[in-house]
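Number of protein chains: 2
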Amino acid sequence: MQDVDLVVVGSIGLDTIETKYERQEDVLGGSVSYACAAASFFARTGMVGVAGTDFPEEFMDCYRHFGIDLEGLQLQEGSTFRWSGVYEDDMINRRTLSTCLNVFADFMPELPVRYQSAPYVLLGNISPELQLHVLSQVTAPKFVLADTMDLWINIADEPLQEVIRRVNMLALNDGEARLLTQEQNLKGCARRILDMGPDYVVIKKGEHGALLASRSGFYLIPAFPVDDVVDPTGAGDAFAGAFMGRLSQQDGIDDKTVCEALLYGSVVASFNVEAFSLNRLELLDKQAIADRLAALKAMIRIG
Amino acid sequence: MQDVDLVVVGSIGLDTIETKYERQEDVLGGSVSYACAAASFFARTGMVGVAGTDFPEEFMDCYRHFGIDLEGLQLQEGSTFRWSGVYEDDMINRRTLSTCLNVFADFMPELPVRYQSAPYVLLGNISPELQLHVLSQVTAPKFVLADTMDLWINIADEPLQEVIRRVNMLALNDGEARLLTQEQNLKGCARRILDMGPDYVVIKKGEHGALLASRSGFYLIPAFPVDDVVDPTGAGDAFAGAFMGRLSQQDGIDDKTVCEALLYGSVVASFNVEAFSLNRLELLDKQAIADRLAALKAMIRIG
Numbered sequence: 340m341q342d343v344d345l346v347v348v349g350s351i352g353l354d355t356i357e358t359k360y361e362r363q364e365d366v367l368g369g370s371v372s373y374a375c376a377a378a379s380f381f382a383r384t385g386m387v388g389v390a391g392t393d394f395p396e397e398f399m400d401c402y403r404h405f406g407i408d409l410e411g412l413q414l415q416e417g418s419t420f421r422w423s424g425v426y427e428d429d430m431i432n433r434r435t436l437s438t439c440l441n442v443f444a445d446f447m448p449e450l451p452v453r454y455q456s457a458p459y460v461l462l463g464n465i466s467p468e469l470q471l472h473v474l475s476q477v478t479a480p481k482f483v484l485a486d487t488m489d490l491w492i493n494i495a496d497e498p499l500q501e502v503i504r505r506v507n508m509l510a511l512n513d514g515e516a517r518l519l520t521q522e523q524n525l526k527g528c529a530r531r532i533l534d535m536g537p538d539y540v541v542i543k544k545g546e547h548g549a550l551l552a553s554r555s556g557f558y559l560i561p562a563f564p565v566d567d568v569v570d571p572t573g574a575g576d577a578f579a580g581a582f583m584g585r586l587s588q589q590d591g592i593d594d595k596t597v598c599e600a601l602l603y604g605s606v607v608a609s610f611n612v613e614a615f616s617l618n619r620l621e622l623l624d625k626q627a628i629a630d631r632l633a634a635l636k637a638m639i640r641i642g
Numbered sequence: 340m341q342d343v344d345l346v347v348v349g350s351i352g353l354d355t356i357e358t359k360y361e362r363q364e365d366v367l368g369g370s371v372s373y374a375c376a377a378a379s380f381f382a383r384t385g386m387v388g389v390a391g392t393d394f395p396e397e398f399m400d401c402y403r404h405f406g407i408d409l410e411g412l413q414l415q416e417g418s419t420f421r422w423s424g425v426y427e428d429d430m431i432n433r434r435t436l437s438t439c440l441n442v443f444a445d446f447m448p449e450l451p452v453r454y455q456s457a458p459y460v461l462l463g464n465i466s467p468e469l470q471l472h473v474l475s476q477v478t479a480p481k482f483v484l485a486d487t488m489d490l491w492i493n494i495a496d497e498p499l500q501e502v503i504r505r506v507n508m509l510a511l512n513d514g515e516a517r518l519l520t521q522e523q524n525l526k527g528c529a530r531r532i533l534d535m536g537p538d539y540v541v542i543k544k545g546e547h548g549a550l551l552a553s554r555s556g557f558y559l560i561p562a563f564p565v566d567d568v569v570d571p572t573g574a575g576d577a578f579a580g581a582f583m584g585r586l587s588q589q590d591g592i593d594d595k596t597v598c599e600a601l602l603y604g605s606v607v608a609s610f611n612v613e614a615f616s617l618n619r620l621e622l623l624d625k626q627a628i629a630d631r632l633a634a635l636k637a638m639i640r641i642g
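Keeping their order, the protein sequence lines are chains A and R. Here our numbering is used: the first residue of the first sequence is 340, the next is one more, and so on. Here our numbering is used: the first residue of the second sequence is 340, the next is one more, and so on.
Worth double-checking, as some hints may not be accurate.
It does not matter which identical chain is used: a pair holds within one copy or between any two.
Straight line, CA to CA, 25 Å or less: simulated SDA-like cross-link-like pairs of lysine to any residue [to be verified]:
| hint | residue 1 | residue 2 |
| --- | --- | --- |
| 1 | Lys636 | Asp513 |
| 2 | Lys595 | Gln523 |
| 3 | Lys544 | Gln500 |
| 4 | Lys595 | Ala634 |
| 5 | Lys526 | Val568 |
| 6 | Lys359 | Asp590 |
| 7 | Lys544 | Gln455 |
| 8 | Lys544 | Asp365 |
| 9 | Lys544 | Arg403 |
| 10 | Lys526 | Val569 |
The hints are simulated quantities; they were obtained by calculation from the structure and are not laboratory data. These figures come from a predicted structure and were not determined experimentally.
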């Protein structure tokens, strides 16, 4: 079997999602599902995650449809992680209704030997301790991106600091960046995080795009404005996955290749929100990605 | 005396502003003050507004410092319009504490003869009836931009519709666009507004930039991320003023010149929020504008 270009670790979930318009029960979700599917358009992607014995075979077929390498997927006796949430009318803010960790509670990410030499690693949003455990298994990473969330900033500051010190890029949303740094201004937040170690920090602002900070400056990464947001779940994971997948196919890593790969992240994320679960990504092809990328570039080619 | 390139109508106010860090009393404000000051870096700008006999001479000097043409400024017996408000910690949302219309209550904008042939007209945020009264006095406008706000959408829908029908561009913020069109999605909002008549609509999103819609497509106008927002008051007016000032110096009006002029709007607005009142704009020069414009362009020159 071929090696993988990119290893992604994160959660696998069965999500119950309610929006103003619709409710969907037990659909395929979780950060690793979205990120791997998004990355698969660009790179050979290995998944590291855990599902329960109740995980529907059709969802395994969905992973296979994307050509995701599943050697790192663990199937454990018990129920799959479940999350349910409801979106406000603005389709941005959401409230968690319930979280059942199930088999995810004892998740210990183990990388198959074939994954350990992967040059690109995406540490999806799981506890920083587990992210560190993954880092300890990769032998020669070229670029590691860690995603995180408010929960870990609040309860696991020390291991999170260690993660931040050891990765090349940290991705988090604006509220989380403010929480982590105790700064209001996003440029100030980004500077503080760069001081902690990484070469890049991406502060995600949902429909407003993202702010990228590097050692040499700031960049404004646009979000593609979609006509109809059906379900925003997983947009950040799809953004990170497509970014890492695309970046892994570039020769070098510098501000230019990082920015360009982030544009791909924006584009794939914008498709992702057009339907529940992976439904839109399942219908996506490289031509549609290229077309929307061109449209997005035209929208910012001004002045 | 020379003719003016641009006529701006709007409010003149003495503002009392409170932020998390500071409180400033009776500082020079009002939409026409910000817009004219911003426009003055690019164009011969005529002000149409009203102040009371209590209007401090130093504020007249401030207008003169910018080289604003003041023939259209009325001084009426009584007190100047006063507004006071307090910003939340996010420096975006604000609450009005008090509004005293004073001489502004009976404001009737009359254009000096020299202004009536001005090719560019900025209808700042005043009642749509007054905006129409200004429109009735200009003889051959080449490009008219109208700004508006939620108040007029709520209480003066019919005259506002007439304004929208008759101008080349409407500017409003995201919440107002949703209120006006009863649509949630901003692209949808923009399409509806274009259907009402204008060639362009700019939906302002504060620190997140703006969405421009034209007959041929959408553009993402970035905001320049500033290090320290001291007072956001007047940012939208400075944005519109600098835009119109710059546009009036271009040969043609098309998507390219409009986008380019909007970038100037972003840049001048970003300076404006770095201090209270017109304090930062008073220290500004063309070189600083050019430098920041170059920096902003570099931040979006990606992919």
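Verification of the supplied hints:
no.	hint	in the structure
1	Lys636 <-> Asp513	both (24 Å within a copy, 23 Å between copies)
2	Lys595 <-> Gln523	neither (28 Å within a copy, 34 Å between copies)
3	Lys544 <-> Gln500	within (22 Å within a copy, 33 Å between copies)
4	Lys595 <-> Ala634	both (19 Å within a copy, 16 Å between copies)
5	Lys526 <-> Val568	between (28 Å within a copy, 11 Å between copies)
6	Lys359 <-> Asp590	neither (44 Å within a copy, 47 Å between copies)
7	Lys544 <-> Gln455	neither (32 Å within a copy, 44 Å between copies)
8	Lys544 <-> Asp365	neither (27 Å within a copy, 35 Å between copies)
9	Lys544 <-> Arg403	neither (31 Å within a copy, 41 Å between copies)
10	Lys526 <-> Val569	between (31 Å within a copy, 15 Å between copies)
In the structure shown, a violation is registered for the earlier hints numbered 2, 6, 7, 8 and 9, in ascending order.
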